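Position 356, counted from 1, in the first sequence is what the numbering used here calls 356; the numbers after and before it change by one each time, with no gaps.
Hints listed in this document are in silico derivations from the structure and should not be mistaken for laboratory results. Where hints are given, some of them may not hold.
[What the hints assert, rightly or not] Pairs of lysine to any residue residues, derived as SDA-like cross-links and limited to a Cα-Cα distance of at most 25 Å, are as follows:
#	residue 1	residue 2
1	K378	L19
2	K466	S107
3	K386	D529
4	K8	E68
5	K378	A499
6	K180	S532
7	K180	R432
8	K234	Q269
9	K378	E68
10	K386	Q505
11	K180	V131
12	K275	R213
13	K386	H464
14	K306	D601
15	K378	V131
16	K386	E204
17	K466	I112
18	K386	R335
Keep in mind it's a predicted model, so treat the numbers as computed, not measured.
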Amino acid sequence: MTESPSLKDLNPEQREAVLHTSGPLLVLAGAGSGKTRVITHRIARLVESGADPRGIVAVTFTNKAAEEMRSRAQRLMGGRVAIGFIGTFHSWSLRFLRRNAAAAGISPRFSIADSADQLALVKEAMGELGVSETMLPAGSVRARISHAKNALVTVESFEAASNDFAGERIGKVYRLYERKLAAAGALDFDDLIVRAVRLLTSREDVRNLERRRTRHLLIDEYQDTNTCQDALVKLLGEGADSLCAVGDEDQAIYRWRGAEVEHILHFDQDFPAAKIVALERNYRSTEKILESASALVSHNRRRRPKRLRAERGGGSRVRLWRFDEDRSEAEAVARDVGASGRAPSEIAILYRTNAQSRGFEEELVRRRIPYVVVGGMKFYDRAEVKDALAYLRLAARPEDDLAFRRVVNVPARGLGSATLDRIAEASRQTGRSWWEVSGEPLAGLTDRARQGISRFRAIVTDLHEKAESWSPSALLEHLLDASGYAALYENSDEREDVARRENLQELLSSAREFERRNEEGAGVSEYLDAVSLATDADAVPLSGGAVTLSTLHAAKGLEFPSVYVVGLEEGYLPHGNSGDDPDELEEERRLLYVGMTRAGDQLTLTLAGRRLVYGKVQYRSPSRFLDEIPSEALEERVESGDRSSAAAYAPRFGGSRPARFEAIEPEDEPQEAPLGRGRRVRHPRYGYGVILAQEGSGEDTRLTVYFDRAGKKKFVARYADLTPA
DNA sequence: CTGCTTCACCTTTTT
DNA sequence: GGTGAAGCAG
Numbered sequence: 001m002t003e004s005p006s007l008k009d010l011n012p013e014q015r016e017a018v019l020h021t022s023g024p025l026l027v028l029a030g031a032g033s034g035k036t037r038v039i040t041h042r043i044a045r046l047v048e049s050g051a052d053p054r055g056i057v058a059v060t061f062t063n064k065a066a067e068e069m070r071s072r073a074q075r076l077m078g079g080r081v082a083i084g085f086i087g088t089f090h091s092w093s094l095r096f097l098r099r100n101a102a103a104a105g106i107s108p109r110f111s112i113a114d115s116a117d118q119l120a121l122v123k124e125a126m127g128e129l130g131v132s133e134t135m136l137p138a139g140s141v142r143a144r145i146s147h148a149k150n151a152l153v154t155v156e157s158f159e160a161a162s163n164d165f166a167g168e169r170i171g172k173v174y175r176l177y178e179r180k181l182a183a184a185g186a187l188d189f190d191d192l193i194v195r196a197v198r199l200l201t202s203r204e205d206v207r208n209l210e211r212r213r214t215r216h217l218l219i220d221e222y223q224d225t226n227t228c229q230d231a232l233v234k235l236l237g238e239g240a241d242s243l244c245a246v247g248d249e250d251q252a253i254y255r256w257r258g259a260e261v262e263h264i265l266h267f268d269q270d271f272p273a274a275k276i277v278a279l280e281r282n283y284r285s286t287e288k289i290l291e292s293a294s295a296l297v298s299h300n301r302r303r304r305p306k307r308l309r310a311e312r313g314g315g316s317r318v319r320l321w322r323f324d325e326d327r328s329e330a331e332a333v334a335r336d337v338g339a340s341g342r343a344p345s346e347i348a349i350l351y352r353t354n355a356q357s358r359g360f361e362e363e364l365v366r367r368r369i370p371y372v373v374v375g376g377m378k379f380y381d382r383a384e385v386k387d388a389l390a391y392l393r394l395a396a397r398p399e400d401d402l403a404f405r406r407v408v409n410v411p412a413r414g415l416g417s418a419t420l421d422r423i424a425e426a427s428r429q430t431g432r433s434w435w436e437v438s439g440e441p442l443a444g445l446t447d448r449a450r451q452g453i454s455r456f457r458a459i460v461t462d463l464h465e466k467a468e469s470w471s472p473s474a475l476l477e478h479l480l481d482a483s484g485y486a487a488l489y490e491n492s493d494e495r496e497d498v499a500r501r502e503n504l505q506e507l508l509s510s511a512r513e514f515e516r517r518n519e520e521g522a523g524v525s526e527y528l529d530a531v532s533l534a535t536d537a538d539a540v541p542l543s544g545g546a547v548t549l550s551t552l553h554a555a556k557g558l559e560f561p562s563v564y565v566v567g568l569e570e571g572y573l574p575h576g577n578s579g580d581d582p583d584e585l586e587e588e589r590r591l592l593y594v595g596m597t598r599a600g601d602q603l604t605l606t607l608a609g610r611r612l613v614y615g616k617v618q619y620r621s622p623s624r625f626l627d628e629i630p631s632e633a634l635e636e637r638v639e640s641g642d643r644s645s646a647a648a649y650a651p652r653f654g655g656s657r658p659a660r661f662e663a664i665e666p667e668d669e670p671q672e673a674p675l676g677r678g679r680r681v682r683h684p685r686y687g688y689g690v691i692l693a694q695e696g697s698g699e700d701t702r703l704t705v706y707f708d709r710a711g712k713k714k715f716v717a718r719y720a721d722l723t724p725a
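Make a model of the complete structure from these sequences and hints.
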């Protein structure tokens, strides 16, 4: 008898998890233990054994994970099976709310406020309430509100629970913020799940219907669920034929977003009938790597004790490299990447904060090693992309105040703050949208402003008429022209304008790609929904061979034969803002654990004795976590290029002497001339220009520069205040 | 009203 | 080092 595909290539524990298809199941999946395999095989098994595929709902945290799950499950089932849902918590909630908008008491066409919109609304609310931002930064107020929502704390209960001055203020802002969101007809990210939970809780009929639709529920990364998401899991899971939660408390890294490890630690108390399966065979890393990582994380208290076993034995020791300064760190890593003989795609450089990527990027560029940065500056966060999408949002729904505000004067139509304040005031007083208010005669406007408004309204009216029947890409292309937006950046060689045009082209391709993938029902509204929940991690093309640069957070779920975890210093790991809170310290430790366990064959940890932070030199000491990794598993190397200071701060590294002391030879490489032919430069008086010619060298270098506005000028390089642009 | 310059503040991590 | 807000000249 041949084995069914769903049970092939599984170890006994994995098989057990796949076969337990009724009632609640908790899979404790250690790093590299085949978690995704279990989930996908389980889906295949359910279908194989006769479950209705439309009743299967699988929820993850990222679109990327969902995509991976979908494709692997489909491959396993050998074709197209219509699974009920595979996607993120947010996208599940969004669909649910669109379906049940009436019951939820919201417009079915609500828009989604992104984090920039949220911040703008918070600032606006604080301004109106006279809450000073010096005492309470808008960003932290936004975070507090978000936290409250994720913990299912309403405005009322928030106000009731806050007696201190700051808390009272925040409560007021929270209240006004909610009103403003509602007035704009928008929900924020957190609302999506909160409102879904509220609706399921308050309406028995809706809940029962949804439970009938959801027969088998699978939750990935369960350790990262916050109170609200956990509530959703329970509301749906309690009525389902099976509920499978997969997670690993050692990889819980989203506490700051309201996630609570307790959910996974207490799963068997919440579901007393739950079966628990532990996956403890690691197929990814060699023994030394796993040993180091396990030793580190064993210092945490809030976890179930476990022992991960490396199925792949041996391997080389973990390399620990210490440098004088950040530049040498970046240089040595880039050089090693180039000399490793591995394909770039097999390598990842992981860091604690996004800002750390720059140094490595520069060094990789210098060596012409291709790389991709995960996250960082998000494509959909670019101003021009958001502007274009704002027009598209207006096309779908002119009453979208947030979008209206964003582009009513882009390109400039003579509408300054005076005019916008009038519209805002009229909207506030009548409780109607900016769009409606702007269509009526407003007192005290200049002729110029009137004209500007009517031109803008004509554009939006035209777009709105086309929104129903036109495809997203066609409408985007049209609106860029019709709004005069494209003209803003046309005919310019300015580096940034070129980049803007490219980004807009990229947006068009993304819309076309969307249409290709969703042949039916791929209208403007659907496209906007997809874009609202998209993140850059999804947009990154998996281009052939490139080194991956990523934060430790964004690296979860990935694996690479060779991994560099950089910046192992106090201040980064643990991060300076974690303070002495033991819970936060544990989270930082888990973060490093996640980074280390991404590595298959080789793991390199690096740190620097001093580095530039915000352009200022900072002296740094090694991460305390290094003391928690057994030194037998480490192979140390110290760079002492900087003789004058090496002795001075060598003791900073403290503790045991490095096993091996070996200077890394400084490499002779031609420094790229800071100012050469073709470089773009900036002059304090003449603005931007490009270097046409260079004569002489050293102190006598003379440069001929062609300025965009001032024309041709000649300088002695030494005296001219030219900066690379 | 617009576009440019200066200045403060910043960054932990993201759906 | 970079970005957004505020302040200023045209």
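These are the hints, each one checked on the structure:
1. Our distance criterion of 25 Å between C-alpha atoms is broken by K378 and L19, whose separation comes to about 41 Å.
2. Between K466 and S107 the alpha-carbon distance is near 21 Å, which keeps this suggested pair within the 25 Å criterion.
3. A hinted pair counts as satisfied when its Cα atoms are at most 25 Å apart, and K386 with D529 qualifies at roughly 14 Å.
4. As the CA atoms of K8 and E68 are separated by approximately 19 Å, the hinted pair is consistent with the 25 Å bound.
5. The suggested pairing of K378 with A499 holds, with an alpha-carbon distance near 14 Å, which does not exceed 25 Å.
6. Restraint check for K180 and S532: satisfied, since their Cα atoms lie roughly 19 Å apart, inside the 25 Å limit.
7. This hinted pair checks out: K180 and R432 have alpha carbons roughly 12 Å apart, not beyond 25 Å.
8. For the proposed pair K234 and Q269, the alpha carbon gap of about 13 Å is at most 25 Å, so the pair holds.
9. As the CA atoms of K378 and E68 are separated by approximately 21 Å, the hinted pair is consistent with the 25 Å bound.
10. For the hint pairing K386 with Q505, the CA-to-CA distance comes to about 13 Å; that is within 25 Å, so the pair holds.
11. The straight-line distance between the Cα atoms of K180 and V131 is roughly 16 Å, inside the 25 Å bound, and the hint therefore holds.
12. Simply put, K275 and R213 have alpha-carbon atoms about 24 Å apart, close enough for the 25 Å limit, and the pair holds.
13. Proposed proximity of K386 and H464 is supported: the alpha carbons are some 18 Å apart, at most 25 Å.
14. Distance check on the hinted pair: K306 and D601 sit about 23 Å apart at the alpha-carbon level, within 25 Å; holds.
15. This hinted pair does not check out: K378 and V131 have alpha carbons roughly 31 Å apart, beyond 25 Å.
16. Between the alpha carbons of K386 and E204 the distance comes to roughly 39 Å, so the proposed pair goes past 25 Å and is violated.
17. A hinted pair counts as satisfied when its Cα atoms are at most 25 Å apart, and K466 with I112 qualifies at roughly 21 Å.
18. Straight-line distance between C-alpha atoms of K386 and R335 comes to about 38 Å, which puts the hinted pair past the 25 Å bound.
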